[in-house]
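**Student:** Since the structure of chain A is already known, use the hints to place chain B on it.
In order, the protein sequences belong to chains A and B. Everything in the first sequence is counted per the numbering used here, starting at 1 for the first residue and increasing by one. Everything in the second sequence is counted per the numbering used here, starting at 1001 for the first residue and increasing by one.
These are calculated hints, taken from the structure and not from any lab test. Incorrect hints may have been included.
As the list claims (entries may be wrong) - Below, simulated DSS-like cross-link-like pairs (lysine-lysine); rule was C-alpha separation at most 30 Å, straight line:
#1 Lys-433/A - Lys-1002/B
#2 Lys-142/A - Lys-307/A
#3 Lys-1042/B - Lys-1096/B
#4 Lys-1006/B - Lys-433/A
#5 Lys-365/A - Lys-305/A
#6 Lys-1122/B - Lys-1042/B
#7 Lys-173/A - Lys-74/A
#8 Lys-27/A - Lys-1002/B
#9 Lys-1006/B - Lys-24/A
#10 Lys-307/A - Lys-352/A
#11 Lys-1096/B - Lys-1044/B
#12 Lys-72/A - Lys-173/A
#13 Lys-1002/B - Lys-24/A
#14 Lys-1313/B - Lys-1044/B
#15 Lys-1195/B - Lys-414/A
#16 Lys-1007/B - Lys-24/A
#17 Lys-1265/B - Lys-1044/B
#18 Lys-1166/B - Lys-414/A
#19 Lys-1195/B - Lys-406/A
#20 Lys-1006/B - Lys-27/A
#21 Lys-27/A - Lys-1007/B
#22 Lys-1166/B - Lys-1037/B
#23 Lys-1122/B - Lys-414/A
#24 Lys-74/A - Lys-307/A
#25 Lys-72/A - Lys-142/A
#26 Lys-433/A - Lys-1007/B
#27 Lys-1007/B - Lys-267/A
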Amino acid sequence: MVFNSIQFLVFLPIVFLLYWLVFKPVKWQNALIVVASYVFYGWWDWRFLTLIALTSLCTYASGVLIERHRDKGKIISAANIVVNLSILGFFKYFNFFTESFADAMMSLGWHCDAPTLNIVLPVGISFYTFQALSYSIDVYRKKLDASHSLLDVMAFISFFPQLVAGPIERATKLLPQIQQPRHFDASEATSGMRQMLWGLFKKMIVADTCGMIVDRLWEDTASQTGFALMLGGVLFAFQIYADFSGYSDIAIGCARLFGINLTTNFKVPYFSRSIREYWRRWHITLMNWFTEYVYFPLGGSRGTKAKTILNTFIVFALSGLWHGANWTYVVWGLYHATWFVPLILLNRGRYKGTVAAGKNLPSLKEAGLMLMTFAIAAFGLIIFRAPSMAELGTYLSTMFSTSLLKVSFGYDIKVALTYCAIMLIVEWIYREKRFALDFGDSPSGIVRHRWVRWTIYVVLFVFTVLMSGLHSNFIYFQF
Amino acid sequence: MKQFLKKILIFSVIVMAIFVAYELLLLLVPNEFSYKKGYIEKHKDELRILVLGNSHLADCIDCSLLGEGAFNAAQPGRSVYYDLQLLKEYIDQMPKLECVVMPYSYDYQYWGHLHEEKHEAKFNTYRCMNLKYMGYTYLDGEWWHWSEILNSNYDHCGRLFGSLYKPLTDFTMCDSLGIELDACYDTRGDDWMTKQLPETTSLADSTEQRLNYQDNVKIYSEIVTLARDHNMRLIFVAMPIYKTARERVSQQRIDEMNEFIAMLKRINPDIEFYDFIDDKRFVERDYYNSIHLNNTYGARKFTPLLREIIERKM
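Only chain A is shown next, with the shape it has when bound in the complex (with noise of 0.2 Å):
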């Protein structure tokens, strides 16, 4: 089941209504969200339900093991690790891993067929795995205590707002507050369909609108101009923004709804002053996972510089390989790595809190080092869209050819462009607030009256379910 479909338009109510009406005990309501999650998910591919609740179980093993034999801890943790990884391992990169090793050794001469099986991937299998690992690591690291209730962890690993495609929690956030009695909070619960609304609208016409344009110039490189290729990767780097962000802020208000408070996962990343500042605000909860449990271990930022840019490179490594199974991922990790060295070797690149703070407008120098921030990651976002090298190789290609100058802006083009803005403006001026249209509990300026406010609901609705249709996924379901 999407978001941005009926079935859920249908869903969501008859959970919300039972949840806070019918299952009022915590533990009854902890029971609706495994059976809603199970269904939420089971729309897709109930086969894949198996591995939701072999992944709960183990990690629930795991983690009340840990705490019964402390001395046994690190095995039965690294245990926990090797089956979740080996699940994840076989479904993600089975196919990869052993066709890149037919070819390894192609390259040296030996001839080896390469055994590939027809493995469809389970969606969201990344995200909740990586949350799985994180309460049994947490549980061994004594940063939270066992749970004792299956029931529990089977609602931590499978609450359906994030299930699919996160944010990815940490248990000692999420886990507390699936134990402790919830109580409903209308200013949260109206918040957070604001936060929906606006993930909607992102989602429904800013990145499928770009999209479609994107799918279009992917299909047909080489006909394509140097310009229009060059304008693929701007539509591409908002594309994957509104998709992605749109679903977290639909995931984060759909969570509020029931009590729960989810971490933010994007935090206005195009209004990044450094490619340091953007991984801050970008996909948070991955690269705070990949910091706490890869980063940290190896040793961070403590050693020498060398050994910060080696971890650094690591990461950005895993990263890659954790959206896919492919060459280009890994690519797009170690491009970042790379503009990451400079600012690790003279200590640049760190700003706190938001770009113009307080202002209407950012600085020119601000504005310079934004516009340049976003330029490399919408380069390294063509990476990532890349189906493979050879295709990433004609892209840029073309695009950096003569055809480049080409100046020319098709109707669609424009359109997409104008969503875009339109997003970006609204972000900018609430880009000190946990959403856009978060205008807390008295709000100011036009919008303090009820009258506007509730224009703008009626109107973003309205328009997002015209303009586009109900029907187009998410891109990192896939991951």
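**Tutor:** Same frame as chain A, now just chain B:
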């Protein structure tokens, strides 16, 4: 909680009212579906020749060249299922109807929208437009199939808001006798000969196509039976295709087409089939893309040939 639910309820009522008004206002803007249905309804007593089917005929049969009482009711992407519905509804109400022309070609027995995921949006669109503007339900139709907002990609926003500043007739997409307006020679683009090239492999191999085949056997059988029972002349034509497309169509597929027609002939030996696939009279300028004739030169060349066929037995 009460306050929150009240707000949600008010919001839902407002947006629902807007959506209902929107759906109703769309009924006022003409489109190809409503136009063709309206034309048939209005002229059912006079119609002699009715052209059904999809873009292959919609693009290139100029009924003004077929003589009095001819109408092109074909529509791009139309499934034969809706042709059958239309025939069922009107065959008894058209006293002068002498002949129905339909397309048939090398992949029609495998063609449909129902069983293919990639065609889901198209299927939903046609199901909705045929229900809302022509009154034909698909199998057990649901009430929500009527909503364009929920089902259709047929540019409802463009139609409704465009109608504020464009004449309403601009939204019909066809001329008064039904030929499509956009399949012009002048607008076909430089790469026309590589557009819409057929699949090279046999379509019989996939599960979806086999399911389409089973559906089509029933539907075509019903159509030829209907023609037999009403003494109506049914002419199938296989349209010319350009050499870039022809190269991709194997003999096996041509044989499959002929076998299917032979099967239909066993039900109704009077049906006629004319194969123009390899007709050398059609040259580059007659095409709109690799598998469609254009409404300019193509229509002017093909329609007289069709007229000759029709008049041969009249």
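**Student:** Against each hint, give a clear statement of whether it holds in the structure.
**Tutor:** Here's how the hints hold up against the structure:
no., hint, verdict
1, Lys-433/A - Lys-1002/B, "holds (28 Å)"
2, Lys-142/A - Lys-307/A, "holds (28 Å)"
3, Lys-1042/B - Lys-1096/B, "holds (14 Å)"
4, Lys-1006/B - Lys-433/A, "holds (27 Å)"
5, Lys-365/A - Lys-305/A, "holds (28 Å)"
6, Lys-1122/B - Lys-1042/B, "holds (28 Å)"
7, Lys-173/A - Lys-74/A, "holds (22 Å)"
8, Lys-27/A - Lys-1002/B, "holds (24 Å)"
9, Lys-1006/B - Lys-24/A, "holds (21 Å)"
10, Lys-307/A - Lys-352/A, "holds (25 Å)"
11, Lys-1096/B - Lys-1044/B, "holds (8 Å)"
12, Lys-72/A - Lys-173/A, "holds (25 Å)"
13, Lys-1002/B - Lys-24/A, "holds (16 Å)"
14, Lys-1313/B - Lys-1044/B, "holds (22 Å)"
15, Lys-1195/B - Lys-414/A, "holds (25 Å)"
16, Lys-1007/B - Lys-24/A, "holds (22 Å)"
17, Lys-1265/B - Lys-1044/B, "holds (28 Å)"
18, Lys-1166/B - Lys-414/A, "holds (21 Å)"
19, Lys-1195/B - Lys-406/A, "holds (25 Å)"
20, Lys-1006/B - Lys-27/A, "holds (28 Å)"
21, Lys-27/A - Lys-1007/B, "holds (29 Å)"
22, Lys-1166/B - Lys-1037/B, "holds (22 Å)"
23, Lys-1122/B - Lys-414/A, "holds (26 Å)"
24, Lys-74/A - Lys-307/A, "holds (26 Å)"
25, Lys-72/A - Lys-142/A, "holds (14 Å)"
26, Lys-433/A - Lys-1007/B, "holds (23 Å)"
27, Lys-1007/B - Lys-267/A, "holds (29 Å)"
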